[in-house]
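Engineer: Chain residues, written in single-letter form:
2 protein chains.
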Amino acid sequence: MFRTNTCGELTQANINEKVTLSGWVSTLRDKGFMVWIDLRDRYGITQIILDEDRSSKELFETARKLGREFVIQVSGTVIERASKNPNIPTGEIEILADSITILNESALPPFTIDDNTDGGEDIRMKYRYLDIRRNPVKNKLIFRSKVAQEVRKYLDAQDFVEVETPVLIKSTPEGARDFVVPSRMNPGEFYALPQSPQTFKQLLMVGGLDKYFQIVKCFRDEDLRADRQPEFTQIDCEMSFVEQEDIMNVFEGLAKHLLHTFKGLEFGDFPRMTFADAMRRYGNDKPDIRFGMEFGEITDLAKGHDFKIFDEQELIVGIAAEGCNSYTRKDIDKLIEWVQRPQIAATGLVWVRCNEDGTYKSSVDKFYTQEDLAAWAERMNAKAGDLLLVMSGNTNKVRAQLSALRMEIAERLGLRKPDEFAPLWVVDFPLLEWDEESERYHAMHHPFTSPKPEDMELIDSNPGEVRANAYDLVLNGNEIGGGSIRIFDKNIQARMFELLGFTAEQAEAQFGFLMNAFKYGAPPHGGLAFGFDRFVSILDGSETIRDYIAFPKNNSGRDVMIDAPAAIDQTQMDELFIQSNVVEK
Amino acid sequence: MFRTNTCGELTQANINEKVTLSGWVSTLRDKGFMVWIDLRDRYGITQIILDEDRSSKELFETARKLGREFVIQVSGTVIERASKNPNIPTGEIEILADSITILNESALPPFTIDDNTDGGEDIRMKYRYLDIRRNPVKNKLIFRSKVAQEVRKYLDAQDFVEVETPVLIKSTPEGARDFVVPSRMNPGEFYALPQSPQTFKQLLMVGGLDKYFQIVKCFRDEDLRADRQPEFTQIDCEMSFVEQEDIMNVFEGLAKHLLHTFKGLEFGDFPRMTFADAMRRYGNDKPDIRFGMEFGEITDLAKGHDFKIFDEQELIVGIAAEGCNSYTRKDIDKLIEWVQRPQIAATGLVWVRCNEDGTYKSSVDKFYTQEDLAAWAERMNAKAGDLLLVMSGNTNKVRAQLSALRMEIAERLGLRKPDEFAPLWVVDFPLLEWDEESERYHAMHHPFTSPKPEDMELIDSNPGEVRANAYDLVLNGNEIGGGSIRIFDKNIQARMFELLGFTAEQAEAQFGFLMNAFKYGAPPHGGLAFGFDRFVSILDGSETIRDYIAFPKNNSGRDVMIDAPAAIDQTQMDELFIQSNVVEK
Chain A
1 MFRTNTCGEL TQANINEKVT LSGWVSTLRD KGFMVWIDLR DRYGITQIIL
51 DEDRSSKELF ETARKLGREF VIQVSGTVIE RASKNPNIPT GEIEILADSI
101 TILNESALPP FTIDDNTDGG EDIRMKYRYL DIRRNPVKNK LIFRSKVAQE
151 VRKYLDAQDF VEVETPVLIK STPEGARDFV VPSRMNPGEF YALPQSPQTF
201 KQLLMVGGLD KYFQIVKCFR DEDLRADRQP EFTQIDCEMS FVEQEDIMNV
251 FEGLAKHLLH TFKGLEFGDF PRMTFADAMR RYGNDKPDIR FGMEFGEITD
301 LAKGHDFKIF DEQELIVGIA AEGCNSYTRK DIDKLIEWVQ RPQIAATGLV
351 WVRCNEDGTY KSSVDKFYTQ EDLAAWAERM NAKAGDLLLV MSGNTNKVRA
401 QLSALRMEIA ERLGLRKPDE FAPLWVVDFP LLEWDEESER YHAMHHPFTS
451 PKPEDMELID SNPGEVRANA YDLVLNGNEI GGGSIRIFDK NIQARMFELL
501 GFTAEQAEAQ FGFLMNAFKY GAPPHGGLAF GFDRFVSILD GSETIRDYIA
551 FPKNNSGRDV MIDAPAAIDQ TQMDELFIQS NVVEK
Chain B
1 MFRTNTCGEL TQANINEKVT LSGWVSTLRD KGFMVWIDLR DRYGITQIIL
51 DEDRSSKELF ETARKLGREF VIQVSGTVIE RASKNPNIPT GEIEILADSI
101 TILNESALPP FTIDDNTDGG EDIRMKYRYL DIRRNPVKNK LIFRSKVAQE
151 VRKYLDAQDF VEVETPVLIK STPEGARDFV VPSRMNPGEF YALPQSPQTF
201 KQLLMVGGLD KYFQIVKCFR DEDLRADRQP EFTQIDCEMS FVEQEDIMNV
251 FEGLAKHLLH TFKGLEFGDF PRMTFADAMR RYGNDKPDIR FGMEFGEITD
301 LAKGHDFKIF DEQELIVGIA AEGCNSYTRK DIDKLIEWVQ RPQIAATGLV
351 WVRCNEDGTY KSSVDKFYTQ EDLAAWAERM NAKAGDLLLV MSGNTNKVRA
401 QLSALRMEIA ERLGLRKPDE FAPLWVVDFP LLEWDEESER YHAMHHPFTS
451 PKPEDMELID SNPGEVRANA YDLVLNGNEI GGGSIRIFDK NIQARMFELL
501 GFTAEQAEAQ FGFLMNAFKY GAPPHGGLAF GFDRFVSILD GSETIRDYIA
551 FPKNNSGRDV MIDAPAAIDQ TQMDELFIQS NVVEK
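For the record, the sequence lines run as chains A and B.
Numbering follows this note's numbering, in which position 268 of the first sequence is assigned residue number 268; successive positions increment by one, without gaps.
Numbering follows this note's numbering, in which position 577 of the second sequence is assigned residue number 577; successive positions increment by one, without gaps.
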């Protein structure tokens, strides 16, 4: 028996009890005549005490020689602490040790195992197993586990069946790049890892399972960014005999349940916004509505005033940065520099100061009167003390740029509060988006998303205008979930593949099994998938999903702890009927 | 709204209610003046009725034209049924339809969607989405989901944290063959898919997580048998500061909880047996103890009687097949043929009839007296009416052969009852097993399993005799779980790798991260993994794990439904820096 109790549970109620604890030496203070050890395990910290009077000499000397992160087992008596620590549950007691066993020694860790460590990101990733000993990391993993458990309870109670769909599937040309797995038993052929269980969950609906969910790993071989991992986790759901409203209700219910359970928050109906409105009002299909700063379009007002730059543009639009009239000229110059960074790539920024006295001062005073600027300010809902920031250009581009600026200003003004939650449904997405590079339409959601019946007449004449039965759940400016009502008619599905540039043969080769399944009584169905890593992080007030993944990969897709990927043996490749194109280093 | 109710819930309590149901046309009986439809969804079957008197002509004609597996929406009134069906919950009512909408048509399915279908295994796998509509398949998937949910509840309540470990890891030479994934971002390098999260869960223990579990997909690229799939699911668990007894207690608790929840069974302490005893008594390390038929060794009795075949053998051992004295000579010949099949490859079978009158009649009467045979019978616990079946040969081989025969006889005698459950812990496994082919020791469990401290002195002199802190949970003759207390001392781990034939460099390259982690205060830890697919199937009284997997692969590792694996594009291979050795077909 390694322990009678954990390091997080002993209190005054246990005084005089003989106990045994096991854990790590977190800190050791040696005053010569007395030694205190903070013994740490997952559950907390308990103070161990030894002194010259009450402890044997041998034991005392053993204790003094313990190093940080040694694993020890301590037996002793719970006693009341002289100077209590009200910050921890065990702060009223300490253990007067009468034996200490060293279970394992430890080299000096490469960084301190503290809430505020001295270790940088890289070293903590390499020694992730030590990083996990730190409360902030450990608690995030425990939080993730609790959320997963609660999701399952909620969906199970609503008769959803969790079905494990296969990981070794087939590569498809649509969507992101696949990871592939060469097959030993089928020479020259490859499995692919799923980007999502999309087709399988649809087949489960054809199979009559009615309500499916799965918390499941998915894989995308894309270039990585801070918030993207090659393997990530989805809460994947699908329902039969439902309309968009049914699905939104169920998963709004789930989101409310989680916000209530973990944040103690109550919500009425989540607000809804069309994609078109979201783009117009926030320049973004996942607007953060914890704050206003809505876009004001002034194209009609700003053109025709001899200001060439504006006259040439498709859209002129601005926001009112609250109280930012206090910005100095230098501050504004920095903002202009910021929007010109390659990530934003804006050409410029027009500014208008809304002075307290009701006058305006702008970078374009040569072209616009006080009345002109007042009209702008009104469109942007500005008040005295605000600073208008105006951008112009191609509609899609300028909206994206101004949206990035809006988020940046909000960040600076402290408007993105981690303990405030603003959910939002974005609906009525376009079915297709035109891709300039490949010169064809791509599915905005995925090729199985159904068009709105009332827009079906546009599918031949103006496919870009067709709206989809698709919906995203947005939380604090992050898309945490998205889904759609699916096509369940084989002819519409075939037409969709055609729109996406598939020949009939290609569609058959790639998705023949799905279209074949649709011949045998496919029910109306639809679903939704939450990005679980992101949902968990946002729920916990963070936007760094990597922190919520036990063993994340870096931006080159490497696990620096185990040093993967790695070279494999030639014999292994031979067995798989593949060769490497890379000359041996 | 597609439905007000499901097809499984309406009863007399709902009489006169206006309802709408959606589902599949399971059967349609057309009597000319009246039409009955069995409407099916996941939840059950409800009878729909239309007749010439009460239904409009148009509706009546629509109904008559419905085909099997059409998806329809029916509105109507709940009425009492004339001839009630007590076998289904909805058997007291039917729906008098007043409208029917065809939601989707169906081609004639390639097999009947019935509990007893006319479809063979191959066709059902190709159309797995139709197979899932059948109750026996659907119910197995729902059962699996319920068991997973219950496992999670149980472990969550005991403070286990579910942590998702990575799927893209590193290939290791130990164990089975890995599936590998070429890396696009790290040219010439490969990820491997995990055979189990073994090292990661140990790192989580080093990380202080204390109690970990995960229900997780694992992957082995081995030749497949009926009960083996390239991807399978484990309940993977690990605990810190525990001894073997602690772990066995926790997971015996879990097994009892599941047997209670799903089978209503109560168990006392599970029996335990050493590996050595299991081999001696049952010839097998996963004995089915629902029945006796224990081995009786008669080497000492049977040698030295001028029966050459026996005199040359290492072990002579038999079982008493209860009541099988009734077997004809022809029956026995068939049994001899059975043990000579390539799968068993026994050279022969000596038989002894235990006659009702106390006499014996055997195939070796020339060499043995009645007293000799009586002594054999006693060793095998035989009684009058039994048939002794005796085999001889190399100890390991003959035990395996007789074990197979024992199971076969039990199957024939109906002793392997699916509703009877006999759990058993097998303990004290050898640490290592000698592999003739590679002429080196292999880890019997895995290279991280700790030797028993009391056997440590044998590790240099006689490593084959060292026992491990390893344990298997056996249920009805199937290993459903296995685990061990791990090595947590870096020196012992290094010695273990050495025993397994690794050079220090190889050990460092493959497991350096783990041995490095052990430098920083690794706690004592151990764990266990259940084979979830198998556990679920056995709990449900079946041994066919494939039935409990939504989309299984066939014996060539193919998913015949989606036709994977498949060829991929040359550009895809180029991006991954690989080429195929297979010339294009």
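One should not assume that every hint holds.
Note that the list lumps identical chains together, so a pair holds whenever it fits in one copy or between two copies.
Claimed, not checked - Subject to a maximum C-alpha distance of 16 Å in a straight line, what follows is the list of computed EDC-like cross-link-like pairs (lysine to aspartate or glutamate): (1) Lys519 with Glu105; (2) Lys452 with Glu465; (3) Lys146 with Asp159.
Everything labelled a hint here was simulated from the structure, so no lab data went into it.
Remember, it's a predicted structure, so these values are computed and weren't measured experimentally.
Engineer: A separate judgement is required for each hint: does it hold in the structure or not?
Structural biologist: Going down the list of hints, with the structure as the test:
no.: 1; hint: Lys519 with Glu105; verdict: between (65 Å within a copy, 7 Å between copies)
no.: 2; hint: Lys452 with Glu465; verdict: within (11 Å within a copy, 71 Å between copies)
no.: 3; hint: Lys146 with Asp159; verdict: between (20 Å within a copy, 10 Å between copies)
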